[in-house]
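Q: Sequence:
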Amino acid sequence: MSFFIAEAHANAPAAAGPDAGMANLVMLGLFFVVFYFLLWRPQAKRAKEHKELMGGLKVGDEIVFAGGLLGRIQKIDDEYAVVDLGDKVTLRIQKGSVVASLPAGTLKNIGQNKE
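Going by the working numbering, the sequence shown opens with residue 1, and the numbers climb by one from there.
No lab work stands behind these hints, which were simulated from the structure alone. Hints are not guaranteed to be accurate.
[To be verified] Restricting the straight-line Cα-Cα distance to at most 20 Å, the calculated cross-link-like pairs of lysine to aspartate or glutamate (DMTMM-like) are: (1) Lys88 x Asp78; (2) Lys51 x Asp61; (3) Lys58 x Asp77; (4) Lys108 x Asp61; (5) Lys108 x Asp87; (6) Lys95 x Asp78; (7) Lys75 x Asp87; (8) Lys108 x Asp84; (9) Lys108 x Glu62; (10) Lys95 x Asp61; (11) Lys95 x Asp77; (12) Lys95 x Asp84; (13) Lys75 x Glu52; (14) Lys51 x Asp87; (15) Lys75 x Asp61; (16) Lys58 x Glu79; (17) Lys51 x Asp77; (18) Lys48 x Asp78; (19) Lys51 x Glu62.
[To be verified] With beta-carbon atoms standing in for the labels, derived distance ranges: (20) Gly111 x Gly29: 53 to 63 Å; (21) Leu85 x Phe31: 41 to 51 Å; (22) Pro103 x Met54: 12 to 22 Å; (23) Met54 x Ile110: 17 to 27 Å; (24) Lys88 x Gln43: 37 to 47 Å; (25) Met22 x Ile76: 49 to 59 Å.
All C-beta atoms, glycine included, are put in the ideal place defined by N, C-alpha and C.
Based on the sequences and whatever the hints tell you, model everything.
A: See below:
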């Protein structure tokens, strides 16, 4: 049985050289670069675009908001907007729930196509 122990000692792993620490630092740096380009940067870009959309909203804009509803802005202030959904239905929504601004006339065209 002791011959297995001797063989294990004979095949001991070589000691890591000074380059092993540098390889770890390079891998760590590579991880952060990938993290930046795949996760953080696209999210920051989307947040910036959404903030610009919120700043550009004005009365009369046709919008889609998070619930999937479409409407036209009647009143707007810093945080909230009153949106006309048609047929005398209005909602007060948070500006942050606006997903997209539609081209002018979209709501009218959608209303004509439902016949």
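Q: It remains to establish, for every hint, whether it holds in the given structure.
A: Cross-check of the supplied hints:
Under the criterion of a C-alpha separation no larger than 20 Å, the hint pairing Lys88 with Asp78 is inconsistent with the structure, at around 24 Å. For the suggested pair Lys51 and Asp61, the alpha carbons sit about 16 Å apart, so the restraint of at most 20 Å is met. Taking the CA atoms of Lys58 and Asp77, the gap is about 9 Å. The hint holds against a cut of 20 Å. Only pairs whose Cα atoms come within 20 Å are accepted, and Lys108 paired with Asp61 is accepted, the gap being roughly 13 Å.
Distance check on the hinted pair: Lys108 and Asp87 sit about 13 Å apart at the alpha-carbon level, within 20 Å; holds. Between the alpha carbons of Lys95 and Asp78 the distance comes to roughly 8 Å, so the proposed pair stays at or under 20 Å and holds. Distance hint between Lys75 and Asp87 is fulfilled; the C-alpha atoms sit about 17 Å from each other, no more than 20 Å. Pair hint Lys108 plus Asp84 holds up; C-alpha atoms about 13 Å apart against a cutoff of 20 Å.
The hinted pair formed by Lys108 and Glu62 meets the criterion: a straight-line CA distance of about 10 Å does not exceed 20 Å. Proposed proximity of Lys95 and Asp61 is supported: the alpha carbons are some 12 Å apart, at most 20 Å. Distance hint between Lys95 and Asp77 is fulfilled; the C-alpha atoms sit about 9 Å from each other, no more than 20 Å. At roughly 14 Å between alpha-carbon atoms, Lys95 and Asp84 fall within 20 Å of each other, so this suggested pair holds.
Among the hinted pairs, Lys75 with Glu52 is consistent with the structure: their alpha-carbon atoms are about 19 Å apart, no more than 20 Å. Restraint check for Lys51 and Asp87: not satisfied, since their Cα atoms lie roughly 30 Å apart, outside the 20 Å limit. A distance of roughly 10 Å separates the Cα atoms of Lys75 and Asp61; the hinted pair therefore holds under the 20 Å criterion. Between Lys58 and Glu79 the CA atoms are separated by roughly 13 Å; this keeps the pair inside 20 Å, and the hint holds.
At roughly 15 Å between alpha-carbon atoms, Lys51 and Asp77 fall within 20 Å of each other, so this suggested pair holds. For the hint pairing Lys48 with Asp78, the CA-to-CA distance comes to about 17 Å; that is within 20 Å, so the pair holds. At roughly 17 Å between alpha-carbon atoms, Lys51 and Glu62 fall within 20 Å of each other, so this suggested pair holds. Between Gly111 and Gly29 the C-beta distance comes to about 56 Å, which sits within the given range of 53 to 63 Å.
For Leu85 and Phe31, the hinted distance range of 41 to 51 Å is satisfied, since their beta carbons lie about 48 Å from each other. In this structure the hint that Pro103 and Met54 lie 12 to 22 Å apart at CB holds, the actual value being about 18 Å. In this structure, Met54 and Ile110 meet the distance hint of 17 to 27 Å, their C-beta atoms being roughly 24 Å apart. Distance hint check: the CB atoms of Lys88 and Gln43 are about 39 Å apart, consistent with the given range 37 to 47 Å.
For the pair Met22 and Ile76, the supplied restraint of 49 to 59 Å holds, since their beta-carbon distance comes to about 56 Å.
Checked against the numbered hints given earlier, the structure breaks hints 1 and 14 and satisfies all the rest.
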